[in-house]
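**Q** Residues in the sequence shown are numbered consecutively from 1, following the UniProt record's numbering.
Since the hints were derived computationally from the structure, they do not count as laboratory data.
Wrong hints could be hidden among the right ones.
Lysine-lysine pairs mimicking DSBU-like chemistry, simulated, CA-CA at most 30 Å apart [claimed, not checked]:
| id | residue 1 | residue 2 |
| --- | --- | --- |
| 1 | 97 | 16 |
| 2 | 62 | 23 |
| 3 | 62 | 48 |
| 4 | 16 | 109 |
| 5 | 97 | 55 |
| 6 | 15 | 45 |
| 7 | 23 | 73 |
| 8 | 61 | 92 |
| 9 | 16 | 55 |
| 10 | 48 | 97 |
| 11 | 92 | 62 |
| 12 | 73 | 45 |
| 13 | 5 | 55 |
| 14 | 5 | 62 |
| 15 | 97 | 23 |
| 16 | 45 | 23 |
| 17 | 15 | 97 |
| 18 | 109 | 61 |
| 19 | 16 | 5 |
| 20 | 5 | 48 |
| 21 | 73 | 62 |
| 22 | 97 | 62 |
| 23 | 109 | 55 |
| 24 | 109 | 45 |
| 25 | 48 | 61 |
| 26 | 109 | 62 |
| 27 | 109 | 48 |
| 28 | 45 | 61 |
| 29 | 23 | 48 |
| 30 | 92 | 23 |
| 31 | 45 | 16 |
| 32 | 5 | 92 |
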Amino acid sequence: MPNYKYSIYVIELSKKVYSENRKFREANPQFNGVLECLYVGMTSKEPKERFEQHKNGSLSKKGHNLSSSIVYKYGLYLRGSLYNHIGPISTKAEALKMEEQLAIELRRKRYAVWFN
1 MPNYKYSIYV IELSKKVYSE NRKFREANPQ FNGVLECLYV GMTSKEPKER FEQHKNGSLS
61 KKGHNLSSSI VYKYGLYLRG SLYNHIGPIS TKAEALKMEE QLAIELRRKR YAVWFN
């Protein structure tokens, strides 16, 4: 099995996501409107390439949608300052765990955060 390197990335979302998306709002009761709305993800690609997939509504070779509907509609840009301190991760399981840990940490800081 290939030794993939996974990356964690953070995308800033338009604050419209909070008022327009009920699930996003319900997932973030701690949000007070001061900080930003964010999406935290993990990828085996470069974060910039993954962001472009989200924004372009890219499909896999089998025709599956590769983009998060929240990022497709509300994604603004990558927030490197919130994830650059996290180095490459060697397994998908570790990357998924780190994605969740970062999302929870950002929620504790009162950001509104979506992750899968």
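**Q** Each hint: holds or not?
**A** To see whether the hints hold, each was checked on the structure:
1. Distance restraint check for residue 97 and residue 16: the Cα-Cα separation of roughly 28 Å lies within the 30 Å cut-off, and the hinted pair is therefore satisfied.
2. As the CA atoms of residue 62 and residue 23 are separated by approximately 28 Å, the hinted pair is consistent with the 30 Å bound.
3. Among the hinted pairs, residue 62 with residue 48 is consistent with the structure: their alpha-carbon atoms are about 23 Å apart, no more than 30 Å.
4. Among the hinted pairs, residue 16 with residue 109 is consistent with the structure: their alpha-carbon atoms are about 20 Å apart, no more than 30 Å.
5. The hinted pair formed by residue 97 and residue 55 meets the criterion: a straight-line CA distance of about 24 Å does not exceed 30 Å.
6. The straight-line distance between the Cα atoms of residue 15 and residue 45 is roughly 27 Å, inside the 30 Å bound, and the hint therefore holds.
7. Using a Cα cut-off of 30 Å, the hinted pair residue 23 and residue 73 holds, with the two alpha carbons roughly 14 Å apart.
8. Using a Cα cut-off of 30 Å, the hinted pair residue 61 and residue 92 holds, with the two alpha carbons roughly 21 Å apart.
9. Between residue 16 and residue 55 the alpha-carbon distance is near 16 Å, which keeps this suggested pair within the 30 Å criterion.
10. Using a Cα cut-off of 30 Å, the hinted pair residue 48 and residue 97 holds, with the two alpha carbons roughly 21 Å apart.
11. Note on residue 92 and residue 62: the hinted pairing holds, with a Cα-Cα distance of about 21 Å set against a maximum of 30 Å.
12. As the CA atoms of residue 73 and residue 45 are separated by approximately 21 Å, the hinted pair is consistent with the 30 Å bound.
13. At roughly 23 Å between alpha-carbon atoms, residue 5 and residue 55 fall within 30 Å of each other, so this suggested pair holds.
14. Among the hinted pairs, residue 5 with residue 62 is consistent with the structure: their alpha-carbon atoms are about 23 Å apart, no more than 30 Å.
15. Annotation: proposed proximity of residue 97 to residue 23 holds, straight-line Cα distance about 22 Å (limit 30 Å).
16. At most 30 Å may separate the alpha-carbon atoms for a hinted pair to count; residue 45 and residue 23 meet this at roughly 27 Å.
17. The hinted pair formed by residue 15 and residue 97 meets the criterion: a straight-line CA distance of about 26 Å does not exceed 30 Å.
18. Distance restraint check for residue 109 and residue 61: the Cα-Cα separation of roughly 38 Å exceeds the 30 Å cut-off, and the hinted pair is therefore not satisfied.
19. Proposed proximity of residue 16 and residue 5 is contradicted: the alpha carbons are some 33 Å apart, above 30 Å.
20. A threshold of 30 Å between alpha carbons decides the hint, and for residue 5 with residue 48 the separation of about 15 Å falls inside it, so the pair holds.
21. Simply put, residue 73 and residue 62 have alpha-carbon atoms about 23 Å apart, close enough for the 30 Å limit, and the pair holds.
22. A distance of roughly 27 Å separates the Cα atoms of residue 97 and residue 62; the hinted pair therefore holds under the 30 Å criterion.
23. For the proposed pair residue 109 and residue 55, the alpha carbon gap of about 26 Å is at most 30 Å, so the pair holds.
24. This hinted pair checks out: residue 109 and residue 45 have alpha carbons roughly 27 Å apart, not beyond 30 Å.
25. Annotation: proposed proximity of residue 48 to residue 61 holds, straight-line Cα distance about 20 Å (limit 30 Å).
26. Simply put, residue 109 and residue 62 have alpha-carbon atoms about 39 Å apart, too far for the 30 Å limit, and the pair is violated.
27. Between the alpha carbons of residue 109 and residue 48 the distance comes to roughly 25 Å, so the proposed pair stays at or under 30 Å and holds.
28. Of the supplied pair hints, the one linking residue 45 and residue 61 holds, its CA atoms being roughly 16 Å apart against a limit of 30 Å.
29. With a CA separation close to 26 Å, the supplied pair residue 23 and residue 48 stays within the 30 Å bound.
30. Distance restraint check for residue 92 and residue 23: the Cα-Cα separation of roughly 26 Å lies within the 30 Å cut-off, and the hinted pair is therefore satisfied.
31. Between residue 45 and residue 16, the direct Cα distance comes to roughly 28 Å. Compliance with the 30 Å bound is thereby established for this hinted pair.
32. Between the alpha carbons of residue 5 and residue 92 the distance comes to roughly 8 Å, so the proposed pair stays at or under 30 Å and holds.
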